[in-house]
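Chains as they are written, first to last, in our numbering: chain W, -16 to 113; chain D, -16 to 113; chain U, -16 to 113; chain C, -16 to 113; chain P, -16 to 113; chain R, -16 to 113.
Some chain U residues well away from chain W (every beta-carbon gap over 10 Å; in silico): (1) G(-12); (2) F4; (3) L6; (4) E62; (5) G66.
Chain C side only, calculated, beta carbon under 7 Å to chain R, not exhaustive: (6) I86; (7) A89; (8) V94.
Simulated DEER-style distance windows between Cβ atoms: (9) R/A15 / U/F9: 40 to 46 Å; (10) D/L2 / C/E110: 45 to 51 Å; (11) R/E79 / P/F9: 27 to 33 Å; (12) W/F9 / P/F4: 28 to 34 Å; (13) R/G(-1) / W/R(-7): 24 to 30 Å; (14) W/P8 / P/D(-4): 44 to 50 Å; (15) R/G(-1) / D/F9: 53 to 59 Å.
Derived by calculation from the structure, the hints in this document are not laboratory data. Just so it is clear, CB atoms sit at the ideal spot from N, CA and C, and this is done for glycine as well.
Chain by chain, the residues:
6 protein chains.
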Amino acid sequence: MTEQGPECRRALDTAGEVLGFSLAPFVDPQPAEPANAYDFTRIATEHAFNDAWTRAELLDRRTRALISVAITACLGILEPLRGQLRIALNNGVTEEEIVEAFIQMAIYAGVARAFDSYAIAREVFAELTP
Amino acid sequence: MTEQGPECRRALDTAGEVLGFSLAPFVDPQPAEPANAYDFTRIATEHAFNDAWTRAELLDRRTRALISVAITACLGILEPLRGQLRIALNNGVTEEEIVEAFIQMAIYAGVARAFDSYAIAREVFAELTP
Amino acid sequence: MTEQGPECRRALDTAGEVLGFSLAPFVDPQPAEPANAYDFTRIATEHAFNDAWTRAELLDRRTRALISVAITACLGILEPLRGQLRIALNNGVTEEEIVEAFIQMAIYAGVARAFDSYAIAREVFAELTP
Amino acid sequence: MTEQGPECRRALDTAGEVLGFSLAPFVDPQPAEPANAYDFTRIATEHAFNDAWTRAELLDRRTRALISVAITACLGILEPLRGQLRIALNNGVTEEEIVEAFIQMAIYAGVARAFDSYAIAREVFAELTP
Amino acid sequence: MTEQGPECRRALDTAGEVLGFSLAPFVDPQPAEPANAYDFTRIATEHAFNDAWTRAELLDRRTRALISVAITACLGILEPLRGQLRIALNNGVTEEEIVEAFIQMAIYAGVARAFDSYAIAREVFAELTP
Amino acid sequence: MTEQGPECRRALDTAGEVLGFSLAPFVDPQPAEPANAYDFTRIATEHAFNDAWTRAELLDRRTRALISVAITACLGILEPLRGQLRIALNNGVTEEEIVEAFIQMAIYAGVARAFDSYAIAREVFAELTP
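Just chain W, with the same shape it has in the complex:
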């Protein structure tokens, strides 16, 4: 098992900011899992939140978030899409802008993919409705 180094701590700090809640419980080593499972989680977390989301200078977080919604939606990977939608809304992307991204997706990636992904967006929008 690898020690939690400075990259991981910085990644968790950025993840907390970007997501609006702490990712630490998901990254901490779990007793029942194989010994290197923590390496997998830690590497993926560092890649996302240390190497990509810390880069706010050349592309602001709002646009970065909207692009990441498009990426995960087009790959058809629904749980990561849910995470990106939460990041988007937490960083000032409006629901209207997300819908416009899905219109763009309906044209270029097809209505099947767009509808399937939009069902997740609808669920995430509903989480925030008071």
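Once you have looked at the hints, place chains D, U, C, P and R on chain W.
This is chains D, U, C, P and R only, laid out in the frame that chain W set:
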């Protein structure tokens, strides 16, 4: 919000014919959704049911439906596949023809995709069993 | 290396019929390739042409060919798509029917995939223009 | 063959604006193609440039273009990606912002997809270098 | 309906060995399904367990299983992935090796796909925890 | 532009070992590219060759290479597949083992994907034929 124009009404008429039930409740604007959500739904509905499914002249609906089953199955998008399977059965495609399409898919797109999609077909076939 | 058994011979006969030319030169073992390369080619050929294309009873070859165009186009695998387009035209599918399949694909799989695949169709159509 | 109606003309106008050059030669019916090929081209053009790119109000063209780069890159459809990259640069997206989108893609969609798509970006950047 | 021939029986024997339980109940014809459904199941079973998994000579079952985990994970087809993970663990692949395969996948296929697939691995690992 | 730190140097060392030739010319900043292009290349190189390929303990390089061939082949990304095939052959994977991986792929991911990828393998095998 865009008015429901003639393209949308024609799309809903064709959808009703093709599907065997009214799509209108799914297209009508929902109060809790973002203002442009209706545009997304309307555009996608018009593309599918006004621009594609109205074209029965050069390719009959049965074949068009079987092709659309293959398209959504190969993309691995299961809920839209369910819709296409219902359209297929509602337009005279037999269960046997659908199984043959899955055999073709097992070869060219692999048994993993074919089995995963066939599980949806089995559920749709069961809906119609008295 | 596996002997060329009756399944393989039957597959090559069906391939010849379906394609309109002999597949044998592509399946015959090549001296420079690894010893099991022939097994790969033979297995794939038997799966396609012995297990799928011999089944003309429950789904005719025309429809089967059009579905296989949709499968390979939606997977975005362009050389196999070229092969399926040739099979389609050789089995009585019209260019118009192929275009209609691409219209269906533009809606459900998106205009990017449809345009990219249609470029291959255009090349195959041109092969047959006197 | 369908007449070139007002939707198509409006789509071609928007395409000209967005792309910086006229799309008309690609949409005009070609004599050697099947009769309905023009319908395919026209429908796809109208969907992209009449139904999506005219919507500049809720999502500006710069962001829309960057999202469309992400969509076509993630689908791995390289020629449409080339088109979206040209649209992006023509609408004020900087090369740096495109690179940031590829960094986001390297994480979420993997370095294989990101590198393969970035090779196209490099070619499009080079077109504009004096 | 096709008789259960020697290829199918050999496939079922190999499947039993590889999986650690009998596949026969899933392959046997079901009364409510279309007549050719059994052909689909039988063809897919023979392809997997007669044509591929019997080949233990040039690539051992452990490595073959790990590769098949990677294949189904990268295609994003989760139920077949679950089957391949069970096969892997039943053929001596360790949980640690599977995690390493997911690390490789996180880099090349992206963290979205890797995380989504790893959730299935976690469930399969838990099945075996006493 | 980010300095070439110890992670990048270690990644380049591992890349040299794994590939059999130096990756440095591809990673060094290019004058004509946008300022952050080097960050993209560096991040991707570090992810692949610092975070994944340095991990030889729990999964040996031969198996890791074969899995990476399967990953890039299943994603249908042909240039990165070419790289992984070269890595595989440079780390003791035999051509026969690669062919077996393609047989596994033909079943689970379909003959279209397997054939398309195998064409690249054939080219890489030929590079090494004296």
